[in-house]
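**Student:** Spelled out from the first residue to the last, the chains are:
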Amino acid sequence: MNWQDLRWLVPELVLTGAAVALLLADLMTAPDRRRQLGWFAVAAAVPAAAACGQLLAELQALRSGGVRIFADTYTVDPFALYVKLVALGAVALVALVSLDYFPGRTPHVGEAFALLLFAGVGLLLMASASDLILLLLSIEFVSLSSYLLAGFLKRDPKSNEAGVKYFLYGAATTGVMAYGFSLLYGLAGSTSLYDVATRLGRAGGAAYLAVGMALAGFGFKVSMVPFHQWTPDVYEGAPTPITAFLSVGPKAAGFAALVRTLSVGIPLEQVQWPLLLAGLSALTMTVGNLLALLQRNLKRMLAYSSIAHAGYVLMALAAWKSAWALPGLLYYLLAYLFMNLGAFFVALVASEATGSDEIPDHAGLSQRAPWVAAAMVVFMLSLTGIPPTAGFFGKFYLFAAAVDAGLLWLAALAVANSVVSLYYYVGVLRALYLMPPPERTPLSVSPALRVGLGVALVGTVAVGLYPQPVVGFVELARRLLGG
Amino acid sequence: MPILTITLFLPLLGALVLLFLPREDADRIRRVSLGFALATFVASLLILPRFELGRREMQRIEQAAWIPAVGIQYKVGVDGLSLVLVLLTTLLTVLSVLYSFREGHRVKEYNLLFLLLETGMLGVFFALDFFLFYVFWELTLVPMYFLIGIWGGPRREYAAIKFFLYTLVGSLAMLLGILLLYFHLPPGQRTFDVPEIVRQRPLSGTGLLAQLAFWGFFLSFAIKVPMWPFHTWLPDAHVEAPTAGSVILAAILLKLGTYGFVRFSLPLFPEVFHQHALLIAALAVVGVLYGALVAMAQTDLKKLVAYSSVNHMGYVMLAVAAAAHAYGRPELADAAATALNGATMEMLAHGVITGALFLVVGVLYDDRTHTRGVDDFGGLWAVLPKYGAVSITAMFASLGLPGLMGFVAEFLIFVGSFSIIPVFTALAALGVVITAAFFLWTIQRIFLGPTNPRWANLPDLDRREAWVLVPLVVLMVVFGVYPKPLLDVINLTSSQLVAMLR
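Chains as they are written, first to last, in the working numbering: chain B, 1 to 483; chain H, 1 to 502.
Any given hint might turn out to be false.
To be verified - Using C-beta positions, here's what the derived DEER-type ranges look like:
id : chain 1 : residue 1 : chain 2 : residue 2 : range
1  : H       : Thr5      : B       : Gln468    : 17 to 27 Å
2  : B       : Leu13     : H       : Arg199    : 49 to 59 Å
3  : B       : Pro226    : H       : Pro187    : 17 to 27 Å
4  : B       : Arg199    : H       : Gln189    : 53 to 63 Å
To be verified - Interface residues of chain H toward chain B, partial, derived using beta-carbon atoms under 8 Å:
id : residue
5  : Ala69
6  : Val142
7  : Met296
To be clear, the hints were calculated from the coordinates, so they are not data collected in a lab.
No residue lacks a Cβ here, since even glycine has one placed at the ideal position from N, Cα and C.
Using the sequences provided together with the hints, build the complete structure.
**Tutor:** Pasting the structure below:
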């Protein structure tokens, strides 16, 4: 192996080093000062992100569409780097709002942050993996860290339930996916996606079976129906910052891995996967939205909403032949990072204040914390897809891809779903603004959480109002290597 | 000087300023908000001297790159149609803010939302890029949701969400229509530029797709207008909204729908519109008659005014459908231009008159009687002479009395439409009779007859209320007697459109 190639791994190495260092530092830090370890985690994401930027600049200087390293198992292209930046954004923001969350709730503060960083490493690997085995390993890496984080509050039965459910469901779907991968290996005689693409041959039904089984694993990661059932229970039970992380980080990386596997590894002549995913997209967005309508618990509602959003994003894969599809998907991941993290951060503020996650219990929050409530207006409207927010431009992009690909029925279904979603998103605003507050004492929000909220808010608005820089980036990233 | 951009964003700037004022200082918030509304009004007046009366096409175009990667730009401009609607918007926002000085509940949010709403409405009229247009179109929904939901009547939450859901269905259908247009432009030339898309008419000759896109736009505009049978959100929203909200809803937001029909549906899909013109005319006539009859049955004054909007917007749609029906028949071009002039005139007249009517209801209900049952009054003119004069003038204007603004509009609509779709026009003319009947009956029940002793000591209009109402009454009379300056401006767009539709 070529040691020179390690430089393409700098972001992963930085984050891994930071996570190990954090574990060691945890041993040597007095329990009451462990909050500072969180700052270390936040800070670790910065050089990792800078390294991603550096690699991107290098690729452009080389006029290269990307590099394959370590015997083609690992691919660094603008697509991967974009997803890595989104994942690092999720890690940093979640670490930031966790600063005041874990201390006081658990003595194992350092481990929580270390696990978060390890999960982040897994996300970076998922974005680049171009070999079935490495893909499986990186997905497992993310999953194992996530199981632990979801069940991190040992004394909270709901958190326990979340961890166990997540684990059982994840183990089962990963098993199915591994079986699908082994079929692909059997058909193609190689685990490299690049080889699978050329050697799959006329596999017919077996290839469909393999892709279908692989979809179980990806579907689990991105909450695609029918592999979504874990989502509401885990989202409700997991510590809120971790829920926020699960809703964006693994999801973004899951979509990246799905895109790479299908577009690089599975030729359209062998498996008509866009058609398959059109059906799954329609099913996912509809089921997610209809069930979200029934929720009173904010975290459960956001869980079903995240299923619905997975459905919207899947439209991009269904509309694969449109030049707008992959840019739309990538743009949406960034928009979703800001708006969904923001929504969960507000949920965190609200539940700290009222001790409840029930939406009606947040009545009149606009009178007690006007800025937080105003931020929630932006997040909810963005999730609905009302301009001028990032969520709107994301939906615009995805709808455009569907229309361009001739999937007018899917776009129309997505429209109907967006209207349905307005009802439950505005239901939150109704509680915040229209219902009278039980008390009027102003809320105090910790500085770290304020910064986290502020970043999410500014991101949602800025990326929505002036999407041009991001559009430029995703147009570059859409030429993924071998796709 | 980019006067359109300044006019467009002054209210938004005002909203941002309000954000940083302490919410306890209600008086200052009101004054600042009125100041920005007035400044916007003045800015919009400054467009007038720069507007060239000889030019039919868009003028004063201001543009900048926005998202060039996908052909989206910031582009605004005015023509005769948008200019008059912009002026209507800025004037009515000033009056609404001034009227709302007495609103004491959450003053900061209230005024902030009004200014935000104004930027949204102005943007719809100014925008010359479909993406930009859509952004502003949606921007009008959010403030109105909160205005109804927080400051509305007893059923405010239901009315607010109903309004939001209905209009969102339409907007998203339109969004798909916009995307269909975009993707049928030749690759490499794809743009959201409205004049360019209108010039190319990318969907003409595509059959089913043109139909789908047309109905997508139709749904959006028909819900907004609202045309029968898409009108059911209107009585709820108009009745539950606070007075100033009802004014803006009726006077401006409904016009977004008819504006859309004239600005987009007609020039973009003339063949398809022509094909369905009679169906749409029929819906318009049903709206006219249904609105008038239901209004007649109301005992709640606010509901009565709300249903009279369904009736009046039906006239506008009748004229638009007539113009569409005249497509491809050059001998009817003059009639079509007259109908379109009438439609635009009716948009303005309805804005001024119904705006005034909702204010009239508010003056009585909000601060004096807290009831608005038509049968709870009697002989009120003797008690409130000034108020009575203003109200009766507005009602006469609404029923189409010659010499007032409503008459000019309806006359033009009927004259224009009659040569194109005589049967529908004759049926619609019945609506005028019913409207006259219920307004006269209302005047009789409220202002004439024996005085109800309960209201013997009501105070008449105070100065602020007079400032709000008198400008509208003056406009009704001035343009009722001498509509020429207005028609000169409006006719630019109508003749331009008709030339396109020959």
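**Student:** The structure should be examined with respect to each hint, and the outcome stated for every one.
**Tutor:** Quick rundown of the hints versus the structure:
1. H:Thr5 x B:Gln468: 17 to 27 Å: Hint holds: Cβ distance 19 Å, inside 17 to 27 Å.
2. B:Leu13 x H:Arg199: 49 to 59 Å: Taking Cβ atoms as reference, Leu13 of chain B and Arg199 of chain H lie about 56 Å apart, which means the hint holds.
3. B:Pro226 x H:Pro187: 17 to 27 Å: Violated, at about 38 Å.
4. B:Arg199 x H:Gln189: 53 to 63 Å: Distance hint for Arg199 of chain B, Gln189 of chain H is violated at roughly 42 Å.
5. Ala69: holds (4 Å)
6. Val142: holds (6 Å)
7. Met296: violated (34 Å)
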